[in-house]
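There are 2 protein chains.
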Amino acid sequence: MSERVINIGLCGFGVVGQGVLDHLERKRSVLREQLGVNIVVSRIAVRNLSKARDINVDPSIVSGDALSVALDPDVEIVCELMGGTGIAREVTVAALKAGKIVITANKALLCDHGEELLSLAREHDGHLLFEASVAGGIPVIKAIREGLVINEFSSIYGILNGTCNYILTRMANEGLSYPEILVEAKELGYAEAKESLDVDGIDAAHKAVVLAYLAHGKWVALEDVRRQGITDISQEDIQFAKNSGYAVKLIAVVDRDRALNSLRVSVLPTLVSKQCSLGSVDGVHNAVAIHGDVVGETVYIGPGAGRDATASAVISDVVDAAKLLIFGGPEGGYPFLDPAPRNGSNIVLASAKDLKSRYYVRLVVVDKPGVMAEIASVLAAREVSLASVTQKEVGEDEERVSLIITTHLTTEQAILDVVEDLGNLESLEEKPFSMPIGNFA
Amino acid sequence: MSERVINIGLCGFGVVGQGVLDHLERKRSVLREQLGVNIVVSRIAVRNLSKARDINVDPSIVSGDALSVALDPDVEIVCELMGGTGIAREVTVAALKAGKIVITANKALLCDHGEELLSLAREHDGHLLFEASVAGGIPVIKAIREGLVINEFSSIYGILNGTCNYILTRMANEGLSYPEILVEAKELGYAEAKESLDVDGIDAAHKAVVLAYLAHGKWVALEDVRRQGITDISQEDIQFAKNSGYAVKLIAVVDRDRALNSLRVSVLPTLVSKQCSLGSVDGVHNAVAIHGDVVGETVYIGPGAGRDATASAVISDVVDAAKLLIFGGPEGGYPFLDPAPRNGSNIVLASAKDLKSRYYVRLVVVDKPGVMAEIASVLAAREVSLASVTQKEVGEDEERVSLIITTHLTTEQAILDVVEDLGNLESLEEKPFSMPIGNFA
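From first to last, the protein sequence lines are chains A and Y.
Terminal number for the first sequence in this note's numbering: 441, no gaps in between.
Terminal number for the second sequence in this note's numbering: 441, no gaps in between.
These aren't lab readings, by the way, just hints derived from the structure by calculation.
Take these hints with a grain of salt, some might be off.
Which copy is meant is left open, because identical chains are indistinguishable; a pair holds if it fits in one copy or across any two.
In the SDA-like style, the derived pairs of lysine to any residue whose C-alpha atoms are separated by at most 25 Å in a straight line are [said to hold, decoys possible]: (1) K27 x S196; (2) K27 x G344; (3) K27 x G217; (4) K242 x S280; (5) K274 x G245.
Use the sequences and the hints to build the structure in full.
Below is the structure:
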């Protein structure tokens with residue numbers, strides 16, 4: 001009997017693509033023994049044919065045309081590792097229409113086109129797998145879909161962007177400003193040359209949208225994710241956090257309110273208690289805390305990016321895909337339960353009027369009599385109750401002082417109004433900075 | 001077309017069995033929508049037919065005979081939730097011989113008979129699933145087998161017994177002694193009336209053996225697990241830890257040395273840095289830190305026991321089992337890769353001479369001249385190098401002092417020898433207490 005061969009087409013051969021090839025090759029004999037099939041990368045699509053690479057491949061399998069690799073009749077599994085939502089989408093759509101299994105690590109693609117892509121997979125009896133798209137090497141998608149399958153998820157909190165967490169950790173440990181750390185992070189390769197996707201929270205929002213879909217069956221549009229990046233976080237915020245037993249983290253939240261049948265997805269700088277599971281997750285690590293109605297809270301921590309961690313997740317999808325091909329299974333839908341029956345389409349977006357939290361607000365004001373009274377009356381007018389006020393001089397300029405306010409529980413709408421009202425005061429020297437004070441376990 | 005029904009036989013209807021029934025019933029319609037089948041608990045075996053229970057069941061499905069429930073021809077999935085290794089083994093063996101899928105949460109059974117049971121499953125085209133056997137509701141077995149499938153595991157560290165972690169956490173927070181906390185823990189239901197299985201580290205050792213099998217394909221006998229419980233841990237140890245930035249945790253270790261082709265499984269009180277991922281896992285929580293050669297370290301934290309958390313894990317196995325029954329799949333082996341090809345049978349047990357660590361040793365000695373010299377020469381004779389010595393008076397008795405020694409890196413054999421030699425000194429008032437100082441990330 002001749003050996004069953006499963007051919008993989010790698011579309012995209014950057015850092016992650018090379019990692020996937022490398023580890024598949026190294027462990028090929030182990031996988032062959034365990035699965036009884038030979039998993040072979042038979043075609044590779046690269047963007048630049050002439051570029052030198054760390055890893056040697058047979059030039060005859062390399063092509064500049066990703067579409068032809070994905071549609072090669074011998075290729076059963078397509079790994080889309082190109083990134084972006086242009087050609088990556090074309091390739092994914094074409095492969096799914098051809099009934100293939102597509103594996104992607106591309107959270108932007110999923111966020112923007114996940115609904116279309118998953119329905120194409122169902123329609124054409126293919127599959128779309130994406131373990132590597134959220135939290136890198138941590139198998140958190142498998143946990144949500146399979147390990148915690150009987151749970152409904154009231155909330156999911158995550159540190160989903162390693163670059164931001166690295167910058168915030170260094171700001172806390174070294175007392176340097178955001179711009180200073182950013183420059184170094186870029187030099188060290190921890191931040192991209194164009195950093196916006198990371199530091200503005202867009203990447204984390206993409207991932208939060210994927211988690212929200214997995215947990216609740218609803219695709220939330222990126223523009224409906226309340227989002228704030230880390231660029232306005234100052235050393236004062238970091239120091240206030242430290243002195244109060246907190247850390248400033250960029251936290252993605254997927255919050256479900258069953259009574260209101262609402263869902264909230266946000267990515268915001270947040271004061272997180274050092275005691276809670278996310279508060280001490282530092283550096284480039286990612287972490288996801290999942291609250292299930294049956295299990296309670298489980299937390300997953302690990303490397304959220306990088307060649308090898310991402311390859312580990314992509315290859316777990318390759319093996320799941322290989323099992324589907326070898327052992328069969330129902331078409332479209334399997335191997336995972338489809339979250340659609342959770343009635344995601346009926347869920348509404350939460351209103352800022354219904355979201356409650358304590359808040360931190362930092363203001364830079366002119367130091368003159370009456371300012372505090374003015375501020376207090378703005379808060380009072382919005383029925384926001386002060387918990388504490390700390391005043392500090394800013395640098396050498398004695399006329400500017402910084403006021404740090406914490407509030408009691410209030411609504412997001414109230415704090416948005418307060419921040420807007422405060423921004424209109426003449427005594428304000430800078431735009432106010434605000435963030436929620438997390439009340440996670 | 002009539003609906004496909006999958007009948008489950010619950011053998012054992014204690015806390016966990018009732019939880020499984022409860023949550024399966026609550027979510028039956030969701031599972032039915034998602035899987036397209038009706039999962040029904042059709043038979044329940046109880047130990048005591050006349051016992052009152054929190055949950056109502058149709059008396060006609062309840063039996064006192066677990067074997068007849070497991071062998072009922074209509075029952076396709078058997079949940080063995082009885083515990084112990086007597087009747088639980090009989091029932092599991094019989095069901096596997098009948099080609100059924102057996103789900104168990106029973107780590108003692110797996111530790112003692114896992115090899116036999118898994119080979120029966122293979123032989124008779126059945127399956128044995130056991131997600132709930134380690135770390136309760138945390139889907140760590142799925143992570144090792146599927147999510148991290150491409151990894152080889154150099155080490156796995158775990159807090160695997162919630163009772164011990166609860167006691168140690170309270171000892172640290174409240175300054176009370178082990179016997180005091182134990183009494184309260186029993187009253188609160190956090191410790192069993194017969195506490196030995198927990199506090200002597202036996203339960204954690206069972207779980208570590210299961211993890212070692214999953215990661216390396218070798219069944220290590222319980223007597224080959226180096227094991228020490230928490231009963232000898234004193235407030236002095238806890239306070240020393242606190243003052244040095246550590247916590248005392250009962251840590252299970254599965255350590256693989258590929259150069260020596262050896263495996264080490266141990267459960268020992270261990271000084272764990274508060275900075276590392278396991279150091280701040282408190283209370284009844286469990287945690288597992290897994291080092292994979294591709295992904296690096298991933299950490300899983302959550303509830304390690306309890307009705308609902310355990311039911312969550314059992315039901316994830318029920319759904320995997322249902323998928324196998326609905327969608328088919330190869331017989332025996334699937335749905336998981338079999339770790340056997342990792343050549344577990346060739347792996348040898350690590351020798352204490354090859355295991356290196358720093359150590360903590362606490363001695364209670366008569367306070368007289370020359371004692372320290374005596375102790376130092378014992379260490380020197382075994383080539384163990386002192387890193388620090390702290391002396392403290394013990395209670396009101398001025399003649400007894402306690403000496404806390406930490407060593408530089410040395411072998412386990414050397415420390416075992418040192419502890420034995422020290423125990424023979426006349427000036428020793430109590431048996432020495434020693435534990436490794438963890439060097440985990």
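Going through the hints against the structure:
In this homomeric assembly, K27 and S196 never come within 25 Å of each other (Cα to Cα): the closest approach is 37 Å inside a single copy and 42 Å across copies. Proximity of K27 to G344 under the C-alpha cut-off of 25 Å is restricted to the inter-copy arrangement: shortest distance 16 Å between copies versus 39 Å within a copy. In this assembly of identical chains, K27 and G217 lie within 25 Å of each other by CA distance solely across copies; the values are 16 Å between and 35 Å within a copy. Taking the closest pair of Cα atoms, K242 and S280 come within 25 Å of each other both inside a single copy (12 Å) and across two copies (18 Å).
When the C-alpha separation of K274 and G245 is checked against a cutoff of 25 Å, the pair qualifies both within a copy, at 6 Å, and between copies, at 15 Å.
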